[in-house]
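Q: Let chain A serve as the given structure and place chain B on it in line with the hints.
Top line first, the protein sequences correspond to chains A and B.
So the mapping is simple: my numbering equals the position in the first sequence, first residue as 1, plus 9.
So the mapping is simple: my numbering equals the position in the second sequence, first residue as 1, plus 9.
No lab work stands behind these hints, which were simulated from the structure alone.
Hints may be right or wrong, so weigh each one.
Where chains are identical, the list cannot tell them apart; a pair therefore holds if satisfied intra-copy or between any two copies.
What the hints assert, rightly or not - Straight-line Cα separation of at most 27 Å, DSSO-like style, residue types lysine-lysine; simulated pairs:
| # | residue 1 | residue 2 |
| --- | --- | --- |
| 1 | Lys114 | Lys104 |
| 2 | Lys116 | Lys228 |
| 3 | Lys114 | Lys64 |
| 4 | Lys116 | Lys303 |
| 5 | Lys320 | Lys32 |
Residue strings, one per chain:
There are 2 protein chains.
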Amino acid sequence: MDDRRRGNINMFIDRLIESIKEKNNPTVVGLDPNLESIPAHIRENAFRRHGRSLKAAGEAILEFNRKIIDAVCDIAPVVKPQLAYYEMYGIEGMKAFMETVRYAKSKGLLVIADGKRNDIGSTAEAYSHAYLGRTSLCDGYFEDVFGVDALTVNPMLGYDGIRPFLDDCRDFGKGIFILVKTSNKSSGQVQDIVTNLDASIYEILANHVNEWGKGLEGKYGYSAVGAVVGATYPNQAKKIRSIMRNAYILVPGFGAQGGTAKDVVHSFGSDGRGALVNASRSIIYAYRSEEWRKHNGEESFDTAAREAAIKMRDEINKAIKQNREVV
Amino acid sequence: MDDRRRGNINMFIDRLIESIKEKNNPTVVGLDPNLESIPAHIRENAFRRHGRSLKAAGEAILEFNRKIIDAVCDIAPVVKPQLAYYEMYGIEGMKAFMETVRYAKSKGLLVIADGKRNDIGSTAEAYSHAYLGRTSLCDGYFEDVFGVDALTVNPMLGYDGIRPFLDDCRDFGKGIFILVKTSNKSSGQVQDIVTNLDASIYEILANHVNEWGKGLEGKYGYSAVGAVVGATYPNQAKKIRSIMRNAYILVPGFGAQGGTAKDVVHSFGSDGRGALVNASRSIIYAYRSEEWRKHNGEESFDTAAREAAIKMRDEINKAIKQNREVV
Numbered sequence: 010m011d012d013r014r015r016g017n018i019n020m021f022i023d024r025l026i027e028s029i030k031e032k033n034n035p036t037v038v039g040l041d042p043n044l045e046s047i048p049a050h051i052r053e054n055a056f057r058r059h060g061r062s063l064k065a066a067g068e069a070i071l072e073f074n075r076k077i078i079d080a081v082c083d084i085a086p087v088v089k090p091q092l093a094y095y096e097m098y099g100i101e102g103m104k105a106f107m108e109t110v111r112y113a114k115s116k117g118l119l120v121i122a123d124g125k126r127n128d129i130g131s132t133a134e135a136y137s138h139a140y141l142g143r144t145s146l147c148d149g150y151f152e153d154v155f156g157v158d159a160l161t162v163n164p165m166l167g168y169d170g171i172r173p174f175l176d177d178c179r180d181f182g183k184g185i186f187i188l189v190k191t192s193n194k195s196s197g198q199v200q201d202i203v204t205n206l207d208a209s210i211y212e213i214l215a216n217h218v219n220e221w222g223k224g225l226e227g228k229y230g231y232s233a234v235g236a237v238v239g240a241t242y243p244n245q246a247k248k249i250r251s252i253m254r255n256a257y258i259l260v261p262g263f264g265a266q267g268g269t270a271k272d273v274v275h276s277f278g279s280d281g282r283g284a285l286v287n288a289s290r291s292i293i294y295a296y297r298s299e300e301w302r303k304h305n306g307e308e309s310f311d312t313a314a315r316e317a318a319i320k321m322r323d324e325i326n327k328a329i330k331q332n333r334e335v336v
Numbered sequence: 010m011d012d013r014r015r016g017n018i019n020m021f022i023d024r025l026i027e028s029i030k031e032k033n034n035p036t037v038v039g040l041d042p043n044l045e046s047i048p049a050h051i052r053e054n055a056f057r058r059h060g061r062s063l064k065a066a067g068e069a070i071l072e073f074n075r076k077i078i079d080a081v082c083d084i085a086p087v088v089k090p091q092l093a094y095y096e097m098y099g100i101e102g103m104k105a106f107m108e109t110v111r112y113a114k115s116k117g118l119l120v121i122a123d124g125k126r127n128d129i130g131s132t133a134e135a136y137s138h139a140y141l142g143r144t145s146l147c148d149g150y151f152e153d154v155f156g157v158d159a160l161t162v163n164p165m166l167g168y169d170g171i172r173p174f175l176d177d178c179r180d181f182g183k184g185i186f187i188l189v190k191t192s193n194k195s196s197g198q199v200q201d202i203v204t205n206l207d208a209s210i211y212e213i214l215a216n217h218v219n220e221w222g223k224g225l226e227g228k229y230g231y232s233a234v235g236a237v238v239g240a241t242y243p244n245q246a247k248k249i250r251s252i253m254r255n256a257y258i259l260v261p262g263f264g265a266q267g268g269t270a271k272d273v274v275h276s277f278g279s280d281g282r283g284a285l286v287n288a289s290r291s292i293i294y295a296y297r298s299e300e301w302r303k304h305n306g307e308e309s310f311d312t313a314a315r316e317a318a319i320k321m322r323d324e325i326n327k328a329i330k331q332n333r334e335v336v
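The shape of chain A in the complex, shown without the other chains:
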C-alpha cells in the first residue's frame, strides 16, 4: 500500500464546501436522463444517425447532458448522475455516463455518482476501485476508471462493506454518501423500524456515519463520509442532523418528489452549511412544464433548466437565511 496516494490531497469535502461557497449554491443538479423525457429533436437526430438503437439512446442522452451541464456549470457546484438511467441503455448508456462525468469535470463541476452500491468487503473493494480509487492492471494501475468525486453507498451490509470506500476516500481524496433515510414512501418499512434499544434504524445508521467518518475530516470540520436523507422526511432529518455533526447531508426528494425549501432547512447546520439539496426531474425537464411551454419551445430546454436551477438555489438560500434568523 506504500504506493497509494496520500498526503496533500485536496479532499472532496473541502472542494465541495469551497464550490458551494463560491457559487453561493448548496444544490445539485441530478442527471437522470431518459429518452422519453428529453427533447424530441435531440432524440430524433440521434435516431436518424443510428436508427432506433441503444447507440442512438446513448448519444442522445449525452448530448442532452452536455447542454444541461453548459447551462448550469457556472451556477451549480455539483451534478449527480443516477447510474440506473445509464445502465438502462446498456454499454452505450455506460459510455454516456463516463463521457458525462468527464465533461462535467472539465466544466469545473464536482460529480457524485448515485449508484447506492453495496456488497461484502472484497467485492465492495471492486466497486470502490471502479468509482473512487483505481484498478490494478498487475504491475500498474488504471486511474479514474469512472473517476467520480463521490458515490452513494447502501449500508445494509455493515462496516465490512463500507471500509473499502473509506480507504479510497482517504487515499484519493474522495467522498461517500451513505443511505440513512431515503426519500421514498416505503423507506420507513426498514429504516424507521424501532429497535429494542428504542433507537430507529435510521438513528443507528446516523451514528455509524459519524463513527465511520472519524479521521476523515477536512479543513472545515466535515468528514468525507456523508449521508443521504430525503427532503420528504423533515422530522427525521432534524434528529439525524443532531446526531451527525460532521457529516454532509445529500438531500434527494426536492421538487418532483414533493420536498420543499422549508423541508430541507433541517438538514443544514447552524452554520448554514452541512447539506446539499438535489433536484433532478424538476430541473432537467423544466422545459416540459406547462408554464414554460406556453411561451417557449423545447429547443430552449437548457435555458429552462438554468432558470429552474436558479429558482431552486434562491428558494433554498432564502429558506436557510430565514431559518437562521429564527434560530
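A: Below, chain B without anything else, positioned relative to chain A:
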C-alpha cells in the same frame, strides 16, 4: 401495459428447478474474475494484443470466463457474475459482462447477475429495465439490454424499491434474490438488530420476501422472489427457511468465505429443494491451490474449476441426503 409480455412465460424459478434436477446439482459457479487471479498466460496474451489497458483486462476476463463456462456448463445449472468485478474495468469490463451473459446462455446456463441494486421506485424501474425487463426506445423497445435471468436486490428502501422488479419478474419470467442475511462478518450490524417487537431485521425481511412473492409462484410452488442468506450463518438460515416456505435461497459464502456443506443444508427444505449454493473463488481459482499446482500447470485452470465444481456438487448433495435421512 397491454403490450407487455404475459401468459405462458417459462418462469425463471421453474427453469431453475428443472435445471437443478436435470443436472442433479443445486450449486452456482460465481464468476468474479480479476486480472491478478486469472492465469498469467491469458493476461499476458491480452497485454500483448492491447497493451496494459482496460481493453486488455476486459478481453482477458472474457476469455477466462468462456473457458470456465465451457468447463462447467454440462454439470452446473447457473453462473453468477458479480457486477462489481466488471464495473471495476469500466466500459470494457461491462462489455465482458454482457458477452459473458450471452455466452453462458448460449451454453444452456441460467445467469444470476449479482448487483445488489436498489433505489426509489422510479429509479429501481430503470435498473429493472436494464437487467430483467426491456428499455423503451420511444415507439419500440430494446429487449434484453443485459438480459440476465435473475438479479440480486437490496431491500433497504422497502416495497417501493422492489415493486418494479416484481413487475418484470411477472411479465418477463425473471427472478430476484433479495438480501436477507448476507455472508460477511459485519452483516449483523444492521441485519441482526432486534426490534421492539422482538423480531430481528433479517426475520422482518424474510417475511417481506414471503409477502412480495405472493402471486409469483411457479408450477413447483416456489416464487420468483428468492432471498440471499449466507452460508456463514447456519442458525439464522434455519429460522429464515422456516419463515419463507416458497422462496428459493441463494447461499453465498461457501468455500473461500468459510461456509461448509453442513452449514448450507439448513437452507434447503424438507423436499431437498429450495436452495442454491454459490462458490466463486474456490471454483474459478481452484488452479491456484497448492494441491493443484503440485501436479498441474495453470493452463489446465478450467479442468481445476470443473473438478472443484464437481467436488462441491457431490459434497452438498451428500450433506442434503444425510440431513434428510436424519429428519
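Q: Evaluate Lys116 and Lys303 at a C-alpha cut-off of 27 Å and name the case that applies: within, between, both or neither.
A: neither (32 Å within a copy, 56 Å between copies)
Q: Indicate which option fits the pair Lys114, Lys104 if close means a Cα-Cα distance not exceeding 27 Å: within, between, both or neither.
A: Classified as both: same-chain Cα gap 15 Å, cross-chain 25 Å, threshold 27 Å.
Q: At 27 Å max between alpha carbons, let me know whether Lys320 reaches Lys32 within a copy, between copies, both or neither.
A: within (14 Å within a copy, 62 Å between copies)
Q: Using 27 Å as the alpha-carbon threshold, which applies to Lys114 and Lys64: within, between, both, or neither?
A: both (23 Å within a copy, 23 Å between copies)
Q: Have a look at Lys116 and Lys228 and pick one of within, between, both or neither, based on CA distance no larger than 27 Å.
A: within (24 Å within a copy, 56 Å between copies)
Consistency with the previously given hints fails for number 4 only.
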